[in-house]
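Visitor: The chain contents come next:
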Amino acid sequence: MDPMLLLLFIFVIAIFLGFELISKVPSQLHTPLMSGSNAISGISIVGALMAAGLAGDTVLGAILGLLAVICASINVFGGYLVTNRMLEMFKHKERGK
Amino acid sequence: MELRETIITLSYIASAVLFILGLKMLSKPTTAVRGNMISAVGMLIAIVATLLYQGMSYHLIILGMVIGGLVGSIAALRVPMTSMPEFVALFNGTGGLASMLVGWAEYNKLFGHYEADAVPLVTVIATYLAILIGAVTFTGSMVAYAKLAERISGKPVLFKMQQVVNAAIMAIVLICGAVFIINPDTSLALVLFYVAIAVSLVLGVLVTIPIGGADMPVVISLLNSYSGLAACAAGFVIQNTVLIVSGSLVGASGIILTSIMCKAMNRSLANVLFSGFGSAEGAESTGAMQGEVKALSPEDAYYVLEAARSVVFVPGYGMAVAQAQHACRELGELLEQNGAEVKYAVHPVAGRMPGHMNVLLAEANVPYDQLVEMDDINPIIDTVDVAVVIGANDVVNPAAREDPKSPIAGMPIINVDYARTCFVLKRSMRSGFAGVENPLFFKENTRMIFGDAKATLTALISQFKGD
Chain A
1 MDPMLLLLFI FVIAIFLGFE LISKVPSQLH TPLMSGSNAI SGISIVGALM
51 AAGLAGDTVL GAILGLLAVI CASINVFGGY LVTNRMLEMF KHKERGK
Chain B
98 MELRETIITL SYIASAVLFI LGLKMLSKPT TAVRGNMISA VGMLIAIVAT
148 LLYQGMSYHL IILGMVIGGL VGSIAALRVP MTSMPEFVAL FNGTGGLASM
198 LVGWAEYNKL FGHYEADAVP LVTVIATYLA ILIGAVTFTG SMVAYAKLAE
248 RISGKPVLFK MQQVVNAAIM AIVLICGAVF IINPDTSLAL VLFYVAIAVS
298 LVLGVLVTIP IGGADMPVVI SLLNSYSGLA ACAAGFVIQN TVLIVSGSLV
348 GASGIILTSI MCKAMNRSLA NVLFSGFGSA EGAESTGAMQ GEVKALSPED
398 AYYVLEAARS VVFVPGYGMA VAQAQHACRE LGELLEQNGA EVKYAVHPVA
448 GRMPGHMNVL LAEANVPYDQ LVEMDDINPI IDTVDVAVVI GANDVVNPAA
498 REDPKSPIAG MPIINVDYAR TCFVLKRSMR SGFAGVENPL FFKENTRMIF
548 GDAKATLTAL ISQFKGD
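Chains A and B, in that order, give the protein sequences. Its first residue numbered 1, the first sequence is counted upward by one per residue in the working numbering. Its first residue numbered 98, the second sequence is counted upward by one per residue in the working numbering.
Hints are supplied without guarantee of correctness; some may be wrong.
Here are the computed lysine-lysine pairs in the PhoX-like style, where the Cα-Cα straight-line distance is at most 20 Å [as the list claims (entries may be wrong)]:
#1 Lys391/B / Lys502/B
#2 Lys24/A / Lys391/B
#3 Lys91/A / Lys125/B
#4 Lys24/A / Lys125/B
#5 Lys91/A / Lys121/B
#6 Lys562/B / Lys551/B
#7 Lys24/A / Lys360/B
FYI, nobody ran anything at the bench for these hints, they're computed from the structure.
Take the sequences, apply the hints, and build the full model.
Guide: Here it is in structure tokens:
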């Protein structure tokens, strides 16, 4: 099969999986879910690493790669830490009960 | 396939599985913390696997990750809980920008070789989509950040010919896209590519400024979804499965949240995005309110609360502004000690992001079982002695139920006006973000307690303690 068609297949299946996975979320978890999935969208760091690591000789390529890694890292580190901080507050409360 | 590539691919599968498990666990209260950690492990595996690629040079990577990691971590650990919405928007924007840069870098690398390398059409289209969606996500999130952080006005910004300008921009985007996709190797395509980046950045601003502060929960969810789709497009550009899978998951979860938020306001997504809801025009449609406002001092309010057997707090964005969540919890505890049944009723779109009030109440250590959702409190609201509205307005506005001409008609609300007594803690008589007058303030059983919500609650607390 054309590798591109395979990727499209994966894309469609993953979208459906996403809908099934998160159809019923209690409202107290709306923020953590949003912020947690926001951290996952930092997966573009994989593309950024490849852009920076395999930038070749062009200056523009190096700049774009570096900026991409910086932005994606902010998203990944910031996203996971903020989500964790938020969820820890929920946990304390349950333990306190 | 070479051993190295097999290991990388297998690691990507593992990290995709961890993301799926993480998201699933994130949607249940008991497993949420572990879910987030599992998804972080998935991210770590994906990063390490990518570093294994042959021929990688690491100096730019290390520099970038140190800078980005430090900025992100410090911001995440320092941000106060009340500023959470704007920081989620900020992080979301950097993710979009990263996807845009990945698309751009890839084009920069392949420029001049598209034909020779027989780059598939899907990749070319995806490159264009990655910079388009990435750029809109970036500037859109920045505007959302500025609105949430109140760097700019939260009011919808509308100008003449706005739709025409947007349509013109869309046309430019499509034309540039068509030329680019037909042959990305030409110098014309290169120029149009830059035009498309600039125009998409402007588009992100233009589609977000007409949306009012009260609609921000919808916008943030939608932008979240965009950032996932941008990552997905970047995944098609570099033909990487883990990007496609995780991007799609985020895209889907963002769309689900968006639709939950829209349903909670009984409005369509199109209405939220394009109507400029809450602008001056919208507010004129309601006539002046009739009736008498009955103000109450905290001292008098104390006597009512002291005698109350059941009290429901209804928080809104004003509670976040006044930082009143701790005082609110303290008063709740005192009322419980006084023998009253205390609950906190949270409207799905109260605040500026999905679940905003839940986060604040959690920060103040409000017990889980005291939180009730709108659909659970409304059937029993007429048995409640006192409903205390703290900084909420539109989500308790009975006009949504009674006045079919109201701009918020049909929006489900918490029916606090059905409670025996309703206290409204409010700074002044100004209308809410939607710019709609609130007949609740004029109802027979409503008492307004004017002033800063935190100060009022603190006054009530000292009354209780003084006894």
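Visitor: Each hint should be assessed against the structure and marked as holding or not.
Guide: Tested hints:
Restraint check: the Cα-Cα separation between Lys391/B and Lys502/B comes to about 26 Å, which exceeds 20 Å; the hinted pair is violated. A threshold of 20 Å between alpha carbons decides the hint, and for Lys24/A with Lys391/B the separation of about 42 Å lies outside it, so the pair is violated. For the hint pairing Lys91/A with Lys125/B, the CA-to-CA distance comes to about 12 Å; that is within 20 Å, so the pair holds. For the proposed pair Lys24/A and Lys125/B, the alpha carbon gap of about 9 Å is at most 20 Å, so the pair holds.
Between Lys91/A and Lys121/B, the direct Cα distance comes to roughly 18 Å. Compliance with the 20 Å bound is thereby established for this hinted pair. Taking the CA atoms of Lys562/B and Lys551/B, the gap is near 16 Å; set against the 20 Å cutoff, the hint holds. At most 20 Å may separate the alpha-carbon atoms for a hinted pair to count; Lys24/A and Lys360/B meet this at roughly 14 Å.
Consistency note: the structure conflicts with the earlier hints numbered 1, 2.
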